[in-house]
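Visitor: Residue strings, one per chain:
Number of protein chains: 2
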Amino acid sequence: MISVVLVEPEGPANIGMVARTMKNFGFSRLVLVNPNITKESYGYAVHAVDVLEDALILESFEEALELFDLTVGTTGKPGRTFIPHRTPLYPWELTETLRGYPGRVGLFFGRESIGLKNEELERLDFTVTIPTSEAYPVMNLSQAVAVILYELAKRKPEAKVHSLEPATSREKEELVKAWEKLLGVLNYPKDAERREVFVKIFRRFVGRAVLYGREVHTLIGPLRKASMELEECRNAERREV
Amino acid sequence: MISVVLVEPEGPANIGMVARTMKNFGFSRLVLVNPNITKESYGYAVHAVDVLEDALILESFEEALELFDLTVGTTGKPGRTFIPHRTPLYPWELTETLRGYPGRVGLFFGRESIGLKNEELERLDFTVTIPTSEAYPVMNLSQAVAVILYELAKRKPEAKVHSLEPATSREKEELVKAWEKLLGVLNYPKDAERREVFVKIFRRFVGRAVLYGREVHTLIGPLRKASMELEECRNAERREV
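First to last, the sequence lines map onto chains A and B. The first sequence begins at 1 in the numbering used here and counts up by one. The second sequence begins at 1 in the numbering used here and counts up by one.
Just so you know, not all the hints are guaranteed correct.
Identical copies look the same in the list; a pair holds intra-copy or inter-copy alike.
[Claimed, not checked] Below, in silico cross-link-like pairs of lysine-lysine (PhoX-like), each with a Cα-Cα straight-line distance of 20 Å or less: (1) K154 to K117; (2) K225 to K172; (3) K225 to K181; (4) K200 to K177; (5) K200 to K117; (6) K177 to K39; (7) K177 to K154; (8) K200 to K172; (9) K177 to K225; (10) K190 to K172; (11) K190 to K177; (12) K181 to K200.
Because the hints were derived from the structure by calculation, they are not lab data.
All chains, full assembly: derive it from the sequences and hints.
Guide: This is the structure we're talking about:
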């Protein structure tokens with residue numbers, strides 16, 4: 001189940017046009033975070049007023065995060081916001097990644113002016129970008145939504161591929177914590193800032209891999225056990241000294 | 001060389017938004033037949049005012065036809081305007097059809113209200129349609145242009161979004177081996193068959209995550225270090241016994 005999340009959309013017309021394109025491609029779940037929604041929005045929705053009326057309006061980004069098992073951010077300026085450990089997917093790769101995924105997916109789109117903030121992008125599982133011309137990479141919000149939903153809609157609803165439950169945000173966070181803990185126990189890398197980068201990369205890795213509940217536990221288990229045994233070992237050594 | 005032709009566009013904002021999406025995807029040749037173009041159009045073009053300024057403005061559909069070697073019409077309601085001998089192509093089929101074609105191509109988009117008339121469609125070489133929901137098949141003009149140009153631009157030499165090298169099979173295998181080794185050192189899970197399953201799940205995890213070279217090393221490093229330290233610890237304990 002895929003929802004479109006608009007984070008602080010500034011243009012009332014765009015909100016309506018997003019609702020319209022959602023209905024065009026068979027999507028109906030819209031979440032609006034702190035939106036500038038007006039009568040104009042309803043006009044631009046044309047025959048998709050129902051999508052707007054059913055939209056969930058929230059006051060914070062945090063609240064939106066809690067709704068989903070998997071969160072995807074969109075970024076329009078890969079050239080500028082490119083961060084080595086967060087290589088965005090192309091829309092067609094997103095389609096492949098989500099194929100058969102049964103969890104709750106939130107597709108996050110940022111403000112027209114500045115998009116999603118870096119601290120927001122960091123909270124999401126991974127990002128997707130539409131390949132655009134370097135001469136003018138910034139797309140209109142509703143057009144960007146149209147392109148991504150078009151690409152996702154190509155794959156019609158199909159037989160469930162995975163009968164497993166998707167990993168919840170909490171489970172994924174536990175996995176990241178287990179990794180962070182292990183790095184801490186190892187004191188590796190020694191530099192705390194680099195260690196943070198290592199954790200971030202692991203978080204992206206977890207996000208992109210689209211995990212299922214049971215899988216997460218096969219990953220958490222050994223990491224926790226490694227940390228535990230290392231700590232025991234060290235304590236034993238210390239007692240001897 | 002592909003041109004976008006808007007036939008009697010009615011909304012000034014849409015004209016500007018079409019110019020913008022053209023520039024987003026690296027297209028610059030716009031032809032307007034009898035357009036309702038106003039100051040507002042320029043505002044909506046944002047940084048693509050140049051596309052609007054360079055647009056060719058014509059008075060009739062006939063004149064537009066004469067500019068091209070191949071003409072493609074777009075139709076938004078395949079269900080209703082469907083004509084047996086003119087089954088529309090999907091956008092991705094259009095991309096294949098035009099691939100390598102050296103002639104002058106005109107992509108015709110109709111009026112917001114009624115699209116291209118049947119007598120116009122009959123004059124064009126073929127039609128293309130975006131697959132949409134039956135509940136609401138009619139897209140906004142500029143969004144339809146965005147989707148078609150996005151699909152066409154996929155094939156173009158594009159700015160490299162990924163400046164990193166993807167992880168090689170060997171690197172990914174090293175990562176899996178590092179995990180396998182850690183499980184071995186931990187003797188976890190104790191049952192060898194289950195341990196194999198754990199390794200398989202990790203391998204899938206690595207496969208799905210679409211890793212890049214440098215990322216792999218931030219994952220291998222800590223795993224190897226954990227195995228090493230655990231082994232050292234154990235050896236120390238053994239010496240004491």
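Visitor: Between K177 and K39, at a C-alpha cutoff of 20 Å, which is it: within one copy, between copies, both, or neither?
Guide: neither (45 Å within a copy, 55 Å between copies)
Visitor: Using 20 Å as the alpha carbon limit, work out where K154 and K117 are close: within a copy, between copies, both or neither.
Guide: For K154 and K117, the Cα distance exceeds 20 Å both inside one copy (29 Å) and across copies (27 Å).
Visitor: If the cutoff is 20 Å on CA atoms, where do K225 and K172 land: within, between, both or neither? Let me know, please.
Guide: within (17 Å within a copy, 23 Å between copies)
Visitor: Go through the copies and call it for K200 and K172: within, between, both or neither, with a Cα cutoff of 20 Å.
Guide: both (13 Å within a copy, 19 Å between copies)
Visitor: Given a CA cutoff of 20 Å, do K181 and K200 count as a within-copy pair, a between-copy pair, both, or neither?
Guide: For K181 and K200, the Cα distance is within 20 Å only inside one copy (13 Å; across copies 24 Å).
Visitor: 20 Å Cα cut-off: does K177 pair with K154 within a copy, between copies, both or neither?
Guide: Classified as neither; 36 Å inside a copy, 37 Å across copies.
Visitor: Tell me, please, which holds for K190 and K177 at an alpha-carbon limit of 20 Å: within, between, both or neither?
Guide: Classified as within: same-chain Cα gap 18 Å, cross-chain 24 Å, threshold 20 Å.
Visitor: Given a CA cutoff of 20 Å, do K200 and K177 count as a within-copy pair, a between-copy pair, both, or neither?
Guide: Answer is within: at 11 Å inside a copy they meet the 20 Å cutoff, but 22 Å across does not.
Visitor: Given a CA cutoff of 20 Å, do K200 and K117 count as a within-copy pair, a between-copy pair, both, or neither?
Guide: Result: close within a single copy only, 16 Å intra versus 36 Å inter.
Visitor: Should K225 paired with K181 be assigned to within, between, both, or neither, using CA atoms and 20 Å as the limit?
Guide: The answer is both: 11 Å in one copy and 14 Å across copies each meet 20 Å.
Visitor: When no copy is specified for K177 and K225, does a C-alpha distance of 20 Å or less occur within a copy, between copies, both, or neither?
Guide: For K177 and K225, both the intra-copy (13 Å) and inter-copy (18 Å) Cα distances are at most 20 Å.
Visitor: Under a CA distance limit of 20 Å, which applies to K190 and K172: within one copy, between copies, both, or neither?
Guide: neither (25 Å within a copy, 24 Å between copies)
This entry does not satisfy hints 1, 6, 7 and 10, going by the numbered hints stated previously.
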